[in-house]
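Numbering (the UniProt record's numbering), first residue to last: 1 to 169.
If you are wondering where the hints come from, they were derived from the structure by calculation, not from laboratory data.
Treat the hints with care, as some may be off.
Said to hold, decoys possible - List of simulated lysine-lysine pairs, BS3-like, C-alpha gap at most 27 Å:
#1 Lys162 with Lys107
#2 Lys137 with Lys113
#3 Lys137 with Lys114
#4 Lys98 with Lys125
#5 Lys162 with Lys113
#6 Lys125 with Lys107
#7 Lys125 with Lys114
#8 Lys137 with Lys68
#9 Lys137 with Lys98
#10 Lys113 with Lys98
#11 Lys162 with Lys125
#12 Lys162 with Lys114
#13 Lys68 with Lys125
As the structure is a prediction and not an experimental result, all values here were calculated from the model.
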Amino acid sequence: MKNIGTDNKNMNNSYKKNTTTKAIGKTTQSIHKNSQNINNKKKIQNTVPASDPITDWFFMSPSEITAKEFSTFISSLNLGEIDLWEEMDILSLQLEDKTSIDFEGLKDGFPDKKDRLFLEENGYKTVFSVTLSNDSKQTREMFNAILEHFPGGFYADTADFKPSILGRR
């Protein structure tokens with residue numbers, strides 16, 4: 001990241017550029033569909049270690065979902081301030097704990113062939129890049145609320161999309 005208007009003498013050498021991008025990776029396993037329980041209640045499967053904060057995610061769903069639909073649902077939760085750019089399919093949320101969360105729709109999915117195969121194998125039609133300023137208890141509660149309302153899952157921005165938080169219907 002280049003700081004405009006700052007000469008190199010004043011730049012902090014310890015500054016690390018955030019270059020997290022979707023890496024080309026192997027998809028070694030398909031997600032196995034789990035059956036619903038007797039009461040048809042939704043369960044959330046969280047495979048993320050609590051001690052390992054992750055701030056770059058993907059939300060994937062077999063349903064076609066827009067940022068506007070996320071906005072409508074999240075507004076009902078009264079979690080914080082929401083900004084919606086409907087024409088760009090982007091939603092920005094600032095939670096009460098000051099964590100910011102950005103949802104950006106990836107209209108064409110992924111450019112990588114293996115990642116597109118992952119979408120196809122799992123029947124995913126919608127992909128959002130989800131960026132958190134902080135991985136907090138409130139963000140995880142919001143993820144769970146989203147997964148109780150929308151089908152799909154949150155996948156870490158890693159080569160194999162792991163860890164993941166999956167909703168079950």
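Right, here's what the structure says about each hint:
With a C-alpha separation of about 22 Å, the suggested pair Lys162 and Lys107 falls inside the 27 Å cut-off, and the hint holds. Between the alpha carbons of Lys137 and Lys113 the distance comes to roughly 34 Å, so the proposed pair goes past 27 Å and is violated. The hinted pair formed by Lys137 and Lys114 fails the criterion: a straight-line CA distance of about 32 Å is larger than 27 Å. Among the hinted pairs, Lys98 with Lys125 is inconsistent with the structure: their alpha-carbon atoms are about 31 Å apart, more than 27 Å.
Our distance criterion of 27 Å between C-alpha atoms is met by Lys162 and Lys113, whose separation comes to about 18 Å. Distance restraint check for Lys125 and Lys107: the Cα-Cα separation of roughly 9 Å lies within the 27 Å cut-off, and the hinted pair is therefore satisfied. Straight-line distance between C-alpha atoms of Lys125 and Lys114 comes to about 15 Å, which keeps the hinted pair within the 27 Å bound. Straight-line distance between C-alpha atoms of Lys137 and Lys68 comes to about 24 Å, which keeps the hinted pair within the 27 Å bound.
Note on Lys137 and Lys98: the hinted pairing holds, with a Cα-Cα distance of about 12 Å set against a maximum of 27 Å. Proximity of Lys113 to Lys98 is assessed by CA-CA distance (about 37 Å); at most 27 Å being required, the pair is judged violated. Simply put, Lys162 and Lys125 have alpha-carbon atoms about 19 Å apart, close enough for the 27 Å limit, and the pair holds. Distance check on the hinted pair: Lys162 and Lys114 sit about 15 Å apart at the alpha-carbon level, within 27 Å; holds.
A hinted pair counts as satisfied when its Cα atoms are at most 27 Å apart, and Lys68 with Lys125 qualifies at roughly 16 Å.
Of the hints listed earlier, those the structure fails to meet are numbers 2, 3, 4, 10, in rising order.
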